[in-house]
Each structure stands twice: as structure tokens, then as C-alpha cells.
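Engineer: Sequence:
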Amino acid sequence: MMLLDRLDQILGQCTIRGTVHTSITGVTDVVGNVMPGMMYIAIHGTKFDGHSCIAEAIRKGASAVCVQTGSNYEPHNDWQGAWVEVPDTRLALAVLAKNVSASVRHAVDSLVWIGVTGTNGKTTVANLIVTMLRKCNVRAACIGTIGVDYVDASGKPILRPTGYTTPHAPVLYDLAVEFVKNGITHVVMEVSSHALHQHRVAGISYAVAVFTNLTHDHLDYHGTMENYAMAKQKLFTGLPRTSWAVISTVGPDHETMVQHCRAHVELVRIGNIRADRGGSAFTVQSRSDRFFSTHHLHTTLLGDFNAVNVGLAFRAVTHLTPKTDVLEEIASNLKPPPGRLEQIQLPNGSVAVVDYAHTPDALEKALQTLRPLTNHLVVVFGCGGNRDATKRGLMGRIAEQQADVVIITSDNPRDEDPLAIIDDVRSGMASANKAHVEPDRERAIRYALRISGSESIILIAGKGHEAYQEVAGLKMPFSDRDVVRNSINPETV
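Numbered by our numbering, the letters in the sequence shown go through residues 1 to 493 in order.
If you're looking for bench data, these hints aren't it; they were derived computationally from the structure. Please read these numbers as outputs of a predicted model, since none were measured by experiment. Heads up, none of these hints are tricks.
DSS-like, lysine-lysine: derived pairs with alpha carbons at most 27 Å apart:
hint, residue 1, residue 2
1, Lys-135, Lys-181
2, Lys-156, Lys-323
3, Lys-47, Lys-475
4, Lys-60, Lys-47
5, Lys-135, Lys-335
6, Lys-181, Lys-156
7, Lys-181, Lys-323
Just need the whole structure built from these sequences, with the hints factored in.
Structural biologist: So, in C-alpha cells, the structure goes:
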């Protein structure tokens, strides 16, 4: 419980009207979750204004309501609860969700948090860090695109989706309590630009934060690449002085990330990459205000970008465990997370590769990785609906330049016409008529498998681990990996 008369100490700038000498039992921004004694926090989102649900929250027994200054919503004269106005209700949600009880605050603050941000590579780096920590006997959990992943106190593996790469603050802090109850000490979390911009992680202090890269994505939300970079930068400007920022030097944006960073900064450069079908050998060079180091690593993960991912994970873990003597060996035996350049051998000798690549940069890197390995490279991909449309034509051009056969299909069309999205993709191609168009994703994958030869590689890009297809407001069960596996028989391959 939290006393309302402490709000100004917790939130700083706020205005409170009505009853203040009372306590609240919890906070939520979801009106359906309101229970008597809770505070309802109204958030004006991109698609829905939570202020419109204030009356319903009060009917359900909310003892306090928090609104955004300037929202033009006022309490009814007969209401006996507290009315709180703040400059930013998203920030208030994160701060209050952590401070609503001592047990939540203790759980969040007792965990060692590792944040990973960047356009591409977040999931791979986060999962590699968790794997390395576990091999060092550290009780670690992972939160990210694939979901929540940890082993509970009884030894049972837990893996469940959250619906977001980075959950909203109340969900995140409930997870922290769950982790502590199950003996977890470290949490590795993918931190999205949306989460940083929306203050979802405002109450978390990171021991280590990792930056992978910054490339074209999410401009439908951020508007410009500069805004996108500024959102990512928040992870590093908020680090305590004793923490570590582990920064990839690939691309110019690493300088932006550390511009106002108070923490120790370690710049990581991957070089001397020698790659073949079995993976790659490479060097990891790191420099900071405290040291300069060089390590020689090997990985079975395909692609130069995965050498970077392994190198970043390796360097992050060196700041978290004293067992550095075994880390090089552990790093050399890491496996990719589900749906990240995941290879499925087909009966005719060809290989299907399922990957989450859904940005221009990720698609290009995946194709460039596979291009030297075959003379017949097939790509199946699409672009998401109700998302950044400016990348569609660019992805079409990249596919045309890198692959021998381009098959354009649907990838979570949501509320858009799948054929209209496909037309946007084809608009970036020099010879759009050469692309095979099949809006039905399962048919598109099966077509790719049918035309494959013994030396073919089929890249199925965009969905990776996902087990659904979003169409017209519905999430329907669908898995690229399952389609491939169910197709493995002499009649279809």
C-alpha cells in the first residue's frame, strides 16, 4: 500500500485534489483491471485515450485517478476520491507501479538488470547473455520478443509470451516479484525504443546496458531517425556511474548513444572475421577508460552480424561474473535463439532458414550471409501492416539485388490490404514482374520448397519464432517453422 500524501515525494511535480489521507492498493492503466482501492492512471495512447474510461474506473471502485495535465478532464463534485494531475502519466505509471508496495520495490531493486537495445540483434544478444550466465551457474531470466524465459524454484522451465518486446511497467514489476520468489538474481531484458520513449522501464537501474546497432525501423512511431536514436539513447543516459555501457562500434550511431552517458563506456569492435558454412572465427577488441583487451572467439552462428552479437554478449557477461576464464569456451558453443537464422534440413538436400529479419538492414544481412553459400538463393518475405511503410520498397529492392528468386507474401497485414502492402514492396524493385506474389504465407512457403533444388537455400524472413499471423484484428495460429516441418515429405519437397 502507498499513502497518497507521499505522492509529491515520489512523483515530484504533481497536483492533488480531494482526499489525500488514504492509501492505494495498486495502480493500473487498464480499466478492466481496476479493483476497489486502486489508482487508475489515464494514458493518452496513439490509438486510444484512457481518459475516456475515467468514469468506468470510478464505478469499479478506484480510490484515485491520475490524469495528464491539460487533458481537460475534471472530477465530479460528488466524488470522494483523490484526483492527481501530472505532466506525464506514462512516467507516473512506471514510478508508482514500482513504489506501490515495499515488496515490489525490493524485488525490482534487488535484481541485477541487463538491458539490450538496438534495431537488430536484441533477441540474439539477450538470449546469448542469458545462456552464458546460466552456464556460469547464475540464476538468470530473460524478457524479450520471444517472451519470459526462466527456470522456476522447482526446476521447471517457464516460457510464456508477454505481448510486447518490453512489457508495460505494472507487468514488468509483477515479473520482478515472480523472479525473486523463484530465486532469480539476474534479468536480461530487450529494451525497445517504444518502451524507452514511453517510460516503461523508468524505475529500473541497469548494471550493464548493451547497444547493437541503429538502422531503419519504427519511423511510423518516431517520425525521424533522429527521434528514434534519441529514444534509444535514454537507456544509456540513465545509467548509474558504476554501471557499464557495452557499445558496438558498427555504424556511426554508437557515438550518439554515449554522448551523455555517465557510466563506464566499453567500445566493442569485431574484426578478422573468417567465415564458412560451419560458422566463423573472429577477434573481439574492447577499449574503455580502464582497459584495452583482445579476445579470439569462434561461433557456429552464421553471419558476420552474429559474430558481433556473440562478441557483445561475451563482453557484457565479463562485467557480471568472475568466471572469465571459461567464458571464451562457453561463447564458442552458443546456439541461436528460435527463429534466428534457424536452419531446417530438407530431404532433397536444400536448407530452409527461418529468420526474424523484418527490417531492411536485417533482411540484407541475412541474405548477404547466405549468398556465398549457394548458387540458388530463394527468399520469402513480406512487410507488416499498420507499421513503417517507408521501408517496404527498400526491402523489395534488397531482396531483388541479393536473391535469385523473390517470393513476396503477407507478414502480419493487420488492418491493411495484403495486396496493397505487396504493391508497396514491389514499388522498390527494378523488375517487379519477376517477383512471385502469393498473399497466403503458407502457400508462399510451400511454393518456395517445391521449386528448391538440392543446393538451394530458402530464407523465410520476417516472423522467426512467431506462432501467429495478425489479420484484421485477429491473431491466428501460424508458424513458419511448422509449415516447413509439416511440408517435409516426398510429395511437397
